[in-house]
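Make a model of the complete structure from these sequences and hints.
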Amino acid sequence: ENSFDFLKNRLHFSSLTDDDCNVSSMAMGYFTKGVSLTELTSSYQMFGNGGTYYNPKFYKRVLDSDGKVIIESENISEKIINSDDAWIMNRMLFYNVEMPDGLGFSAKLDNGSEAIGKTGTVDNESGADTDKLFVGGTPEYLSAVWIGFDSRGSSINDMKYNSPSLIWKNIMEKISEKNQKFEPDKSVAEIEYCKKTGQRASEKCPETETGYYKPDTVPPKCNIH
Numbered sequence: 001e002n003s004f005d006f007l008k009n010r011l012h013f014s015s016l017t018d019d020d021c022n023v024s025s026m027a028m029g030y031f032t033k034g035v036s037l038t039e040l041t042s043s044y045q046m047f048g049n050g051g052t053y054y055n056p057k058f059y060k061r062v063l064d065s066d067g068k069v070i071i072e073s074e075n076i077s078e079k080i081i082n083s084d085d086a087w088i089m090n091r092m093l094f095y096n097v098e099m100p101d102g103l104g105f106s107a108k109l110d111n112g113s114e115a116i117g118k119t120g121t122v123d124n125e126s127g128a129d130t131d132k133l134f135v136g137g138t139p140e141y142l143s144a145v146w147i148g149f150d151s152r153g154s155s156i157n158d159m160k161y162n163s164p165s166l167i168w169k170n171i172m173e174k175i176s177e178k179n180q181k182f183e184p185d186k187s188v189a190e191i192e193y194c195k196k197t198g199q200r201a202s203e204k205c206p207e208t209e210t211g212y213y214k215p216d217t218v219p220p221k222c223n224i225h
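Position 42 of the sequence shown, counted from 1, bears residue number 42 in my numbering, the numbering being contiguous throughout.
Among these hints, one or two may not hold up.
As a list, the in silico EDC-like pairs of lysine to aspartate or glutamate whose alpha-carbon atoms are at most 20 Å apart [to be verified]: (1) 214 - 39; (2) 196 - 185; (3) 79 - 5; (4) 181 - 114; (5) 178 - 98; (6) 214 - 185; (7) 195 - 101; (8) 196 - 129; (9) 108 - 123; (10) 33 - 150; (11) 178 - 110; (12) 204 - 185; (13) 160 - 131; (14) 33 - 129; (15) 33 - 131; (16) 108 - 173; (17) 221 - 190; (18) 60 - 85; (19) 195 - 98; (20) 181 - 110; (21) 181 - 98; (22) 195 - 207; (23) 181 - 140; (24) 79 - 39; (25) 57 - 78; (26) 178 - 131; (27) 57 - 85; (28) 214 - 192; (29) 33 - 78; (30) 174 - 110; (31) 60 - 39; (32) 195 - 185; (33) 186 - 85; (34) 174 - 192; (35) 160 - 101; (36) 60 - 140; (37) 204 - 192; (38) 33 - 19; (39) 181 - 84; (40) 174 - 129.
Hints in this document: simulated from the structure, not taken from any laboratory.
Here it is in structure tokens:
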């Protein structure tokens, strides 16, 4: 119920129905009426800006023939998750793009700028892919690419899984500045951990990875190596 409330009232998913308050399907992002690409993309803002949601806008202002502002879009923002949670999630999405074994690796930019992102696939009752998506962001921009048909009965199985990621990359490399990095949350500790135990790595641990921890969740030192 808390997750459903967060999606509906904090991320403003407008297509949700009471039937969507189902733990298993909601965790996979399967909703009765789906979700618009605008609302899906907007939900990723918080992972790149420290946890703040801004209402999506299609225009800034409307001017008359004399250049006078007659309509101006209101910028509404709300802090919806803590900045440390946002940064930890940012790093998870970053490594999904940065590492060769990540499903979003095709979106990795060649201009030195960091990118975060998540792939997505939707299938129909027969198991055929009907939609392929990628939502991604840089320190400057956030966008999404969707490939599919108006009719969900049409299959796109012959389309490569990473096609949306490649399209996203081609666009972002043309508009993004070089060597842009996300601003880290200074309260989050960046620590090497042992891949076998999950504990804080010692100098004897043979395989380690980088983890990101809140101060009260830093693991103890590895007690095996």
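Taking the hints in turn, this is what the structure says about them:
1. Between residue 214 and residue 39, the direct Cα distance comes to roughly 29 Å. Violation of the 20 Å bound is thereby established for this hinted pair.
2. Our distance criterion of 20 Å between C-alpha atoms is broken by residue 196 and residue 185, whose separation comes to about 27 Å.
3. For the hint pairing residue 79 with residue 5, the CA-to-CA distance comes to about 15 Å; that is within 20 Å, so the pair holds.
4. Using a Cα cut-off of 20 Å, the hinted pair residue 181 and residue 114 holds, with the two alpha carbons roughly 5 Å apart.
5. Of the pairs offered as hints, the one joining residue 178 and residue 98 holds, with about 16 Å between alpha carbons and a cut-off of 20 Å not exceeded.
6. With a CA separation close to 10 Å, the supplied pair residue 214 and residue 185 stays within the 20 Å bound.
7. For a cut-off of 20 Å, the pair hint linking residue 195 to residue 101 stands: about 16 Å separates their Cα positions.
8. Distance hint between residue 196 and residue 129 is unfulfilled; the C-alpha atoms sit about 36 Å from each other, more than 20 Å.
9. Between residue 108 and residue 123, the direct Cα distance comes to roughly 26 Å. Violation of the 20 Å bound is thereby established for this hinted pair.
10. For the hint linking residue 33 to residue 150, the alpha-carbon distance of about 14 Å falls within 20 Å, and the restraint holds.
11. Only pairs whose Cα atoms come within 20 Å are accepted, and residue 178 paired with residue 110 is accepted, the gap being roughly 9 Å.
12. For the suggested pair residue 204 and residue 185, the alpha carbons sit about 29 Å apart, so the restraint of at most 20 Å is broken.
13. Simply put, residue 160 and residue 131 have alpha-carbon atoms about 11 Å apart, close enough for the 20 Å limit, and the pair holds.
14. Restraint check for residue 33 and residue 129: satisfied, since their Cα atoms lie roughly 17 Å apart, inside the 20 Å limit.
15. As the CA atoms of residue 33 and residue 131 are separated by approximately 14 Å, the hinted pair is consistent with the 20 Å bound.
16. At roughly 10 Å between alpha-carbon atoms, residue 108 and residue 173 fall within 20 Å of each other, so this suggested pair holds.
17. Proposed proximity of residue 221 and residue 190 is supported: the alpha carbons are some 14 Å apart, at most 20 Å.
18. For the given pair, residue 60 sits about 30 Å from residue 85 by alpha-carbon distance, which is inconsistent with the 20 Å threshold.
19. Using a Cα cut-off of 20 Å, the hinted pair residue 195 and residue 98 holds, with the two alpha carbons roughly 19 Å apart.
20. Between residue 181 and residue 110 the alpha-carbon distance is near 13 Å, which keeps this suggested pair within the 20 Å criterion.
21. Under the criterion of a C-alpha separation no larger than 20 Å, the hint pairing residue 181 with residue 98 is consistent with the structure, at around 13 Å.
22. Between residue 195 and residue 207 the CA atoms are separated by roughly 6 Å; this keeps the pair inside 20 Å, and the hint holds.
23. For the proposed pair residue 181 and residue 140, the alpha carbon gap of about 9 Å is at most 20 Å, so the pair holds.
24. Using a Cα cut-off of 20 Å, the hinted pair residue 79 and residue 39 holds, with the two alpha carbons roughly 17 Å apart.
25. A threshold of 20 Å between alpha carbons decides the hint, and for residue 57 with residue 78 the separation of about 15 Å falls inside it, so the pair holds.
26. Of the pairs offered as hints, the one joining residue 178 and residue 131 is violated, with about 31 Å between alpha carbons and a cut-off of 20 Å exceeded.
27. Using a Cα cut-off of 20 Å, the hinted pair residue 57 and residue 85 is violated, with the two alpha carbons roughly 25 Å apart.
28. At roughly 14 Å between alpha-carbon atoms, residue 214 and residue 192 fall within 20 Å of each other, so this suggested pair holds.
29. For the suggested pair residue 33 and residue 78, the alpha carbons sit about 26 Å apart, so the restraint of at most 20 Å is broken.
30. For the suggested pair residue 174 and residue 110, the alpha carbons sit about 11 Å apart, so the restraint of at most 20 Å is met.
31. A threshold of 20 Å between alpha carbons decides the hint, and for residue 60 with residue 39 the separation of about 18 Å falls inside it, so the pair holds.
32. For the hint pairing residue 195 with residue 185, the CA-to-CA distance comes to about 24 Å; that exceeds 20 Å, so the pair is violated.
33. Under the criterion of a C-alpha separation no larger than 20 Å, the hint pairing residue 186 with residue 85 is consistent with the structure, at around 12 Å.
34. Between residue 174 and residue 192 the CA atoms are separated by roughly 35 Å; this puts the pair beyond 20 Å, and the hint is violated.
35. Of the pairs offered as hints, the one joining residue 160 and residue 101 holds, with about 16 Å between alpha carbons and a cut-off of 20 Å not exceeded.
36. With a C-alpha separation of about 17 Å, the suggested pair residue 60 and residue 140 falls inside the 20 Å cut-off, and the hint holds.
37. As the CA atoms of residue 204 and residue 192 are separated by approximately 12 Å, the hinted pair is consistent with the 20 Å bound.
38. Of the supplied pair hints, the one linking residue 33 and residue 19 holds, its CA atoms being roughly 10 Å apart against a limit of 20 Å.
39. Between the alpha carbons of residue 181 and residue 84 the distance comes to roughly 17 Å, so the proposed pair stays at or under 20 Å and holds.
40. Distance restraint check for residue 174 and residue 129: the Cα-Cα separation of roughly 29 Å exceeds the 20 Å cut-off, and the hinted pair is therefore not satisfied.
In this structure, the hints that do not hold are numbers 1, 2, 8, 9, 12, 18, 26, 27, 29, 32, 34 and 40, in rising order.
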